[in-house]
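Could you build the full structure based on these sequences and the hints that come with them?
Taken in sequence, the protein lines are chains A and B.
Residue numbers 1 to 110, in the working numbering, belong to the letters of the first sequence in order.
Residue numbers 1001 to 1210, in the working numbering, belong to the letters of the second sequence in order.
Heads up, some of the hints might be wrong.
To be verified - The calculated lysine-lysine pairs, modelled on DSSO-like cross-linking and capped at a C-alpha distance of 30 Å, are:
1. Lys59(A) with Lys1183(B)
2. Lys109(A) with Lys59(A)
3. Lys1183(B) with Lys95(A)
4. Lys109(A) with Lys1183(B)
5. Lys95(A) with Lys109(A)
6. Lys95(A) with Lys59(A)
To be verified - Okay, the calculated beta carbon distance ranges per label pair:
7. Leu1047(B) with Pro39(A): 27 to 37 Å
8. Pro39(A) with Pro1163(B): 17 to 27 Å
9. Gln54(A) with Ala1167(B): 14 to 24 Å
Claimed, not checked - The following residues of chain B were derived to be distant from chain A, with all beta-carbon distances above 10 Å:
10. Leu1040
11. Thr1067
12. Ala1074
13. Asn1075
14. Leu1179
Hints listed in this document are in silico derivations from the structure and should not be mistaken for laboratory results.
Ideal Cβ positions, reconstructed from N, Cα and C, are used throughout, including at glycine.
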Amino acid sequence: MRRVGIIVPMGMLLLVAAGRAHHADAQSWEGRGWEQLSPEEQHRAWQNYQRYRQLPDRKRQQLEQRYQQFQSLPPQERQRLRQNYEAYRGLDAGKRREFGQKYERWKSKR
Amino acid sequence: MRCVRAQRWMTTALDDELTGRRRRALDRHLARCEACHRELALTDRVLTALAAVPTEVPLPAGLEQATLRAVRAANAPRAETVGWGGWLEWLGHPVPALAALSAVLAIAGAAWWRTGGPPVSSSVPPVASRSTDAPSTARSAPPTLVAVATERRLVPEPSEPPPDLAAAPDLFVDLPILLNIEKLRNFDAILTTTVDGGTRAPEESGPPSG
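This is how it looks when you write it as structure tokens:
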């Protein structure tokens, strides 16, 4: 009887832990499937994948962590980052150079 | 910190891989060393420009196959004709060719004279046997053009994505964002920072409010 008293709570704990792990796993990689990407996005993903494969393991792990963080952001925040990226891409060479300098200055002041 | 060490740490810092203490030491150095500050900005520009260079160039469909076919075609006749072709090349060098022919005729003539008939075994192997040896020589010849071309070929876009790409395609679509996430999160704050030692401090250091 005493043994049952230990086994039951432990089993419940394991079930809860397994459920959380499953949830976390599903959450970490939630996103679109390959078929849901537009041809342009598929092309971009393939190009970036080539680049990713050339990165060292540590950098890849870092990117995967960032991706998980990125996925967990509210949609409007993700949208804001995408807009910022598009804005950055729209900068000409001079503006990008200036942005780089500002970034360094900003970073040094943190 | 000395400039040499600061410059050694710069690319690591730009990759966001410098540890906190080193990062702070580097920042302190950059704050008072204008030369290193410029160097860092330049390095960042170079790395950004390099990152923007496409590593793959889309090729017209069939170019790879056509190239490989052309290389094989260029290689194949050479391998087949090495036996005769190799000998025929001597025609382009008449003096050594005539000297060699004279030597062969002299040996054959001497043998004929001694035995009173055609030589049974000559020190010079018959041309036919060389011809059959030639392909094996050609086969053992190391790296062919085809092998080099195959090694260096560009990676074409596959019809089916590799498993890790298919598992999380958004990761790769958004890769540039992930690589520059700090800049993008603080985009507005960075834009409002002044370069000349600026009075306007960054408005935030954590995640922006939106």
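Against the structure shown, which of the earlier numbered hints fail to hold, in ascending order?
Hints 10 and 14 contradicted; others consistent.
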